[in-house]
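Colleague: Protein chains in written order, with my numbering: chain A, 1 to 264; chain B, 1 to 252.
The set of hints was computed from the structure by calculation and includes no laboratory data. Misleading hints may appear alongside valid ones.
Here are the simulated DSSO-like pairs of lysine-lysine, each with C-alpha atoms no more than 27 Å apart in a straight line [to be verified]:
1) B:K195 - B:K241
2) B:K232 - A:K151
3) A:K259 - B:K110
4) B:K7 - B:K23
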Amino acid sequence: MVILFSVICTVPLFVILIYILKEGITKINWHFLVNLPKPVGETGGGIANALIGSLLIVFFAAVIAIPIGIMGGIYLSENKKSWIATYTRLSVDVLQGTPSIVVGIVIYFWIVKPLSTFSALSGSVALAIMMLPIVVRSTEETLKLLPDSLKEAGFALGLPYQKVILRIILPCGFSGVISGVILAVARIAGETAPLLFTAFGNPYFSTNILKPMQSLPLLIFNYATSPYDEWHDLAWGAALILLLWVLLLNIITKIITRKWKIQF
Amino acid sequence: MENTILKSVDFDAYFGENQVVKKVNIEIPKNNVVAVMGPSGCGKTTFLRCINRMHELIEGAHAKGKMLLNNEDVYGMHPIFVRHKIGMVFQRPNPFPNLSIYDNVIAGYKLNGMKIAKADRDVIVEESLQKAALWNEVKDSIHKKGTFLSGGQQQRLCIARAIAMEPDILLLDEPTSALDPISTSSIEVLLQELKKNFTLIIVTHNMQQAARVSDKTAFFYVGEMVEYDDTKNMFTNPQDKRTQNYITGRFS
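Modelling step: build the complete structure from the supplied sequences, incorporating the hints.
Modeller: And the structure:
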């Protein structure tokens, strides 16, 4: 009986995978990846702008969120009981539950309006906020599992506290920390809502992070709701690419945790 | 004593309000093995951890009194420097799981960012492993991870890591309590070799071990050092009633 439900849990994934594969696979070829979308009425065209845009937006989000998240996670694992830690942990948990559209609106009022332009960077900030809780908590959980004897060994060798953390604790928990980061990247890659009124989207090719930029989820959102068949094709292809991206990152995470797992 | 290397004067240690080491006065002669024994909770491990200032790392823990290393108070020195001079080996072997055997031995230098030439490093690693009686067993797999070794080998690796820093004193906190009898006896044999170069202080709750390995023995009971004497005298002619009871197994 339970086996049945366990199998049912896997059904949605396969339904999505098969459907997207069926619709998307025929649209993907080299031209699809390196060309820009064509105007309505012309066939062909690709999603190069969205692909590069997504990579850039996610990259800058990661640059913002990873250092802050890892440092925060280290603090939480090191200071389990201080009131700052309790307060941070609660805030981070609430942040994790915050609807992504709310994050988007806040960034709109904080960054987009004052600068009076939609920009990729504001999108990155919104995604960084989405990413932060995952990085913080996965870092904390990983480091908490390391035995105290490792730290003692470091102190007994005359290492100062920062070096014990940076050269012993962090390297020993590296695979867990890095998996958390990759999962967070996979998680935000498909976020649409925070980008709607920040990165906004752009039918042209742009690498200027202070200007509007296209991204895969935005492209899917805009093109799939359009009335044109050619645009639907682009959206299906983009959906498949996005799905493959997330799948690949998840597989990489699994490999890292297995390969770099540290044995005690 | 003339060749005293370590001396404590009226040494107290606390966890918060709770005093766990009371007025300990001990003199440790150079190149000796000194055993600290006593029942669980008698403060022997805490006292050991006070010697290299590991005790103060625990929240709320503090210590009072003098701890003199070569007549200099370790509580006036920088703790980092103290721990270079006084090495420590723990109850459970704790090699760094992310480092190779080689890097584990050299870890005290490497992780501290001390630069040493490759040739010197090789010498330090080989000598330390030789002294820890591990060289012959690991010389062919020296760049493999230290965690694939057996428990006893791991513990000897930890000893090599500690003596690579060339400390004056090596503290051993029940170093064999997590090991099987064969590994235990190999460590005990090793201690006799090590005392040629270092002064060893070993905490143990196993009095047979104290009798086998040490030159002098200190008996701790509820935070007090009840008796401190040559091991031979201690086990044949204990002065204090409590020591007598402990040795004869009337309490543990």
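Colleague: The structure should be examined with respect to each hint, and the outcome stated for every one.
Modeller: Comparing the hints with the structure gives:
no. : hint            : verdict
1   : B:K195 - B:K241 : violated (31 Å)
2   : B:K232 - A:K151 : violated (37 Å)
3   : A:K259 - B:K110 : holds (25 Å)
4   : B:K7 - B:K23    : holds (13 Å)
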